[in-house]
Amino acid sequence: MSLRVGIDIGSTTVKVVVLDEDNRLLFRSYERHYSKARERACETLRSIEDMLKGKDVRLVITGSAGLGVAKAAGLDFVQEVYATAAAVNQFIPDTDAVIELGGEDAKIIFFGGALEERMNGSCAGGTGAFIDQMATLMNVTVNELDELSLKHEKIYPIASRCGVFAKSDIQPILNQGGRKEDVAASIFQAVVDQTVAGLTQGRELKGKIVFLGGPLHFLMGLRERFVETLQLDEAHAVFPEDGDCFAAIGAALCSSDYPARPFNELFRLLEESRGATSVVDTMPPLFASREEYDAFTARHNSSTPPKADINTYTGDAYLGIDAGSTTTKMALIAPDGGLLYTYYHSNQGNPVAIVLDQLKTIYGLCGDRIVIKGSAVTGYGEDLIKNAFSCDLGLVETVAHYRAAAHFNPDVDFIIDIGGQDMKCFKIRNGAVDSIMLNEACSSGCGSFIETFAKALGYDIADFAKLGLFTKKPVNLGSRCTVFMNSSVKQAQKDGASVEDISAGLSISIVKNAIYKVIRAANADDLGRHIVVQGGTFYNDAVLRAFEQELGREVTRPTIAGIMGAFGAALCARNLHLEKSSLLSLDALQSFTHTARPVTCNLCTNHCSLTVNTFDGGRRFISGNRCSRPLGKERIELPNLYRYKYRKLRALEGKGKGDGSRGRIGIPFGLNMYENLPFWFELFTRLNFEVVLSPESSRKLYIKGQRTIPSDTVCYPAKLLHGHVEALVEAGVDAIFYPCMSYNFNERISDNHYNCPVVAYYPELLAANIPDLKKTKFLNPYAGLHRPHDYERIGSQWFADTFGVPRHEAKEAIRAAFEAYHAHEEDVRATGRAYIEEARAAGRPIIVLAGRPYHIDPEINHGIDELIGSFGFYVVSEDAVAYLEDYAPRKVLNQWTFQARMYNAARYVCTQPDMQLIQLVSFGCGTDAITGDEVRSILESGGKLYTQLKIDDISNLGAVRIRVRSLMAAMEERGKEQDNG
Amino acid sequence: MAKLVYDKDGRLLFTKEMKEEYTILMPQMLPVHFGMFRQLLVLEGYKVDMLTSNHRGIVDEGLKYVHNDTCYPALLVIGQLIDAIKHGGYDPHKVALCITQTGGGCRASNYIHLLRKALVKAGLEFVPVISINLSGLEHNPGWSLTLPLLRKIVYAMMYGDLIVNVANQVRPYEIDKGDADAMVERWEERLTQGFQKGRGMTRREMLALFDQIIAEFAAIPVKDEEKVRVGVVGEIYVKFSPLGNNNLEDFLLSEGAEPVVPGLTDFIIFKVYNRIVDVDIYGGLWIKKKACQVLKGFIENCQKDMIAALKKSRFRAPGTFEEMHKLVHGYLGDGNKMGEGWLLTGEMLELIHSGVPNIVCTQPFGCLPNHIVGKGMIRKLKDDYPSSNIVAIDYDPGATKINQENRIKLMLANARQLAKQAAAEEEKELVHA
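Read top to bottom, the protein sequences are chains A and B. Position 417 (the first sequence) corresponds to 417 in this note's numbering; numbering is contiguous. Position 269 (the second sequence) corresponds to 269 in this note's numbering; numbering is contiguous.
Honestly, I wouldn't trust all of these hints.
Capping the alpha-carbon separation at 30 Å, the derived lysine-lysine pairs in DSBU-like fashion look like this [to be verified]: (1) A/K777 <-> B/K326; (2) A/K466 <-> B/K401; (3) B/K223 <-> A/K71; (4) A/K891 <-> B/K288; (5) A/K891 <-> B/K8; (6) B/K401 <-> A/K36; (7) A/K655 <-> A/K777; (8) B/K296 <-> B/K311; (9) B/K121 <-> A/K427; (10) A/K580 <-> A/K36; (11) B/K197 <-> B/K227; (12) A/K36 <-> A/K71; (13) B/K409 <-> A/K36; (14) A/K891 <-> B/K19; (15) B/K227 <-> B/K121; (16) A/K891 <-> B/K401; (17) A/K580 <-> A/K360; (18) A/K208 <-> A/K774; (19) B/K197 <-> B/K288; (20) A/K891 <-> B/K271; (21) A/K208 <-> B/K420; (22) A/K472 <-> B/K271; (23) B/K420 <-> A/K71; (24) B/K326 <-> A/K774; (25) B/K271 <-> B/K304.
Just so you know, these hints were derived from the structure itself, not from any lab.
In isolation and in its complexed conformation, chain B is listed as follows:
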């Protein structure tokens, strides 16, 4: 058995020995992306399980061990991890947990600490917790995010964003139910197998794979019909995680809408860009700024490649990070960086500009940054874009699905009305012409 080693502040470390013996449990936020991230970690020699559990027991464990007024994602993620240790069939002395840590001014930076507190409360203080972050917080001898690994993660993220994007554009229209999901699975498999053999992780290979992915999704037989498109933005966990948002995408699909979910890439670029902005508006080391600019440039180039690949196809392509950034001017300052910061408003603007004025803005109940960047900007968006149709939905252990769905239904009813009016006007114009 691995020895428990602590650092000088009493933090339990993840040791090299543990790397051999322990299974690392990681929460899932984006099903496709995180599946590939997991695979990359396995390639680095870690034993990793991604938790896909989705049952009431998760919330109950969360309520038990986390302050009930803490944001819902913390409650869910911590509840899911503890539920897995207790009931997932693991030897509690042979598991470690990992959790991301962003390090911004929002409560989310505290998740890892709340997790540790929860473990103590649950009598599991011997379970090591690994912080995954880019800020150099909390070193662990048995864990390292090397530069090559980071690069692979960036590539995996690009594939993830692309696959999710095209799958979303196919799924509502597929003639044979399940085609798109089967294709997603096939590509996940193929890509991760490729990673194993060291493939798919250069720009050249990525470009080729982009084209293949797009071509194969485009080949799925679809019906020719118009559906209302609905954008999904929000706090990152409830935006993406089906566990967090009560299967929002499935609900939208069942209501005959096409969900449009902006990807993860912009969020990552946003987080890197924040460090550049900090130096600009408050002062600081130019070297830090330079390093971040290099990283930002690298990811942005990958994003541009993806956009270019999409533009060649029949699929709609998202805008670049900088294009979105320009839209936010006049709404929020560049310094607004906590949580999703100005990016959230930016995503709403980009959706509106790309013909998706119908938006579900998701947030955990009482989310602090979203008071400002979510609910706080809807008024101005409505004034500037009268056709924008945004509904803010709170997620919480106590919030009922019926209330959430009723509000989304109102937004959808308005969306259909808007679409009808637009079609009528178009017709009128045609008649006049």
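Next up, chain A with everything else stripped away, as it sits in the complex:
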């Protein structure tokens, strides 16, 4: 038999192995291909030419990028998971499951019983690539990241849904001074959670588990997290010696099914395929000619601040600091806005050290000639830096950016800022920030994505961006998110696109994401006439050009686009007109110290992950908190209808007015139960059942049920149900009751009164996916509470059939249940009215926090209601005001009861000067793609501001804070405007 060669071409690496007839490994290699997969594979083969030359060999290609290569070269191909399974079968036959992580894909294979193989879904891409990106973010190598992780003390919860989400969780932890060691381990934990949650889908991971693929082969910290999470001992966690090459070995094994061919011929085929390209999806070029480009740069370079020289200038100066999510920017200005000193640098996970260093430099340059009379700080790290260095002012980013933009173009009516992590867009009306659009998690990280990508290819960002300017055919890379873009890049590379095409394509993708996803604009007029663009990403001429092309309008890019936040902050510091700045002096800086300690706050059930920053002289700054209690202050509890409703519902448990003699009924506390529990509680207790509620939601409860979640893109409120139901099974109730409900109550404010498909049918999904439910009686009948009379008949029959309850008794109980439901409804409304009156008496603004009933769950809203309260707002829920408006036709089909309430709540808010509405949206909620636009248009046509908060299993409260504060700043500006007008 001939030698067998397996080549595994993955998204980032090429693996080549040679097996002899006894399955002995004669050769193996594992190398990064830097997007030049075919070249890399050829080189490796050439290096072993001596071994194979002149022989007939069997050669099979595998791997995600191998598919294209095999096709182009006319070579045999096997799918990589299939190949891996073959290798495991051969070498580790008693394996129960395999977990394999690659550059982009995660795979799981279950042996024993039915063979099951699964790959991650489209939204969970990026495993190895994700770790690479995180390492770049923290400015360490992957190996250093690994070493750091082994020294961790605590694990921060980080969103495991996808890389983009995780990144926006990690950023604030870093910025708030979290330890790198802990962050490193948390990153690995996120990978573990994502793999377990996304791939097991109801089949238990147990027995002997083999771990394969590059990341698991090289990263000890990642191994540790897997072993600990899955609670494996040494005998059951297997890390084979050649675990990084198993798919290639499998391919070699599979090659036995294919004919042997002369090596020289195979090699030639592979070599010849190198030049083949087949990119079809391309777009028009950015610039047609060099002249066009020169005119373009000349136009943009004219927006520049006055020149000033720090070495000769004498007088007052003002300092602005923008502690952004990935970069720290500083600007020192003269009173006329002249730039004395600027700084723009990646904050490398430690903004405090950078600002300290820069301040020393600035003081050195200033000498006795320049006096800093004011200092202001903005950005994610605002609080930390302000406390660390005693800055005079902290301000919200939107205000800082507007001040800066107005300096260059006083008529500015639209500003877009694309930084490393975030996009911020705002309209300016009558000299005030009016409507604000911030990207949600999915659009995060576009700016830094280009940078990481450039680095991975061995370019510096400026050079990389220039590459794309003159290419004739930029590739289309989509615009959903960076994970999707990353895989589009892989496809483009497979098709033979050049680095130039990809560079231009990435710039265009980012612009499309900003315009169509974040701003939701269809044309330039939706934005404004005087558009100022800023943020570090706009230094990239390709991005700037793509933006102008896409809009068909010329925009202003100041030459200091990257430090506009800091510049604006400096202008604001100037406007304070202080006699003396409180900024730490040079002397004070000499003795500056800073330590950060992670702590879990135990003052309430939120268990916030706090970071306690301690500075010299006893200055302290605590971050990560939702309320003021860990700061040692008394918690101020303003009335908050979310809290009220939640407490009221949680109390609906036990025997009620009955004696509980018919048994214990478990009710999972989630989704439609937040609406209907008053009904079911009354019904069951009247019939002498005892009602047992599942425990309060928590991350722990979520993790408990995580492994049975079949669809990782469903919303978090639904995912939580798995844990709730399992907890009820453990509680040993006699039956679990969780009805299916296509329809909801008809409140006569909408065209129809459906539930969304997830709320309607999740009970059926639970029944099919949770094995433990077989241990108990799971009752999930279809219930039609929207037809009370019919339900009396149909429901009583069900109770008679299921529990042998006499029908007349059940009918009576159903009638009482409807009454109880309406009484509850009225109570919420009355309490809402009382809160509103109280707020008005106290002269406080009111926020209608509009979501679904289940958004009152603190584990779902992450304490956002309390956070809003801490800014001095009274919080009421959408159902407390929705009934105050009648039916009105909408521009969309108004067919869901919960969603209809939001429309009405928005309409009502428009009539109340002291109210604003904030919409809560769960990630993955499809209906909110429709309601979001509609609520926004209702509010905007009523002269109100639209703020949307997107929440998932973890919420980055830093982002929420910025949105709420931006809203407050806009409200204040509007208030002023009204006072003046």
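Given the coordinates of chain A, work out where chain B should sit on it, guided by the hints.
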């Protein structure tokens, strides 16, 4: 020029005048069926164009005018319609659009509203939009779905389902590439010409035509070989539309598999049946139920005729609606009706039972009903039928073909393995016998 007339809620109407002057643009979902539907509308005096465009510009227009988190079919259909008005060579003041509206609890019922919003955004608010539905939503003076027309549409659907079914069973095996497709075209032509002359729209004629169609497809010369059969189920648009599923059927063919795509008839019966179930489980008017039962019975009889015709031939026949309905028992309740509801699981079960355990379950990224009835049921199917081999594929403007194809390839590799094992076992049994 036709005057723009609005109803009391400000909706732009499609007037009788427009019927004379305007061209109605309709999206295409099933190439064969929709071609015949178009022909029927032309016979009613409408000017109708079916859009068959398939290029990147469609997605770009969609992304521009539709919320990017809306489901992919909405994005594609709306993108395709707007792309056609802008770049299709039409006078924008002389076109109307039509779109179906199901009226269930899924986002899809909102397509027509999203289309109107998109038109406003694109500065095309003067283009009237016609809702095609069976719920009596949105009347238009220039448009009517009469009972006779509905009947013809049902017949056209039956022909469509039959032609697609037999063509799928011939295409992978044909000796001369293109035979099956040429035959499809020939029959489309013949049937629509027949419609023109009022033929093919009675039960008697339909039965005769069924036999002819089957006979002619059966006469196409084919190779005698075994291919892996792969079922395709999913959200209705991405299941059927090549634009929606990146030419999934072509890909399966190129991989040496035979695609098995359950037809449209079951979906239509399912939608009618839902109304009957609503009355049963929630209460309601018996007359509504009765009317739906009559309609359901009519379509079911047509389906039974088709099955009977197939059973006489060498082709495999699908099961009846009620047979599939029985299989779903224990998986989902009858009340599960949003989107494809229990039908999707039912189709997977029917495929498994008819010897097609290899299934691609297609859905738009983030499709709400499919969390439950698609991805949500795969676990239980695997437990109950260990040989079932189902892969769920998401479709989205940003999802790459390479990732989709790689996952389908994994499913195919497993399918071949399964087939090999089954063959080996059969052999063993033969030896023992």
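Looking back at the hints listed earlier, which ones does the structure fail to meet?
10, 11, 15, 16, 19, 22
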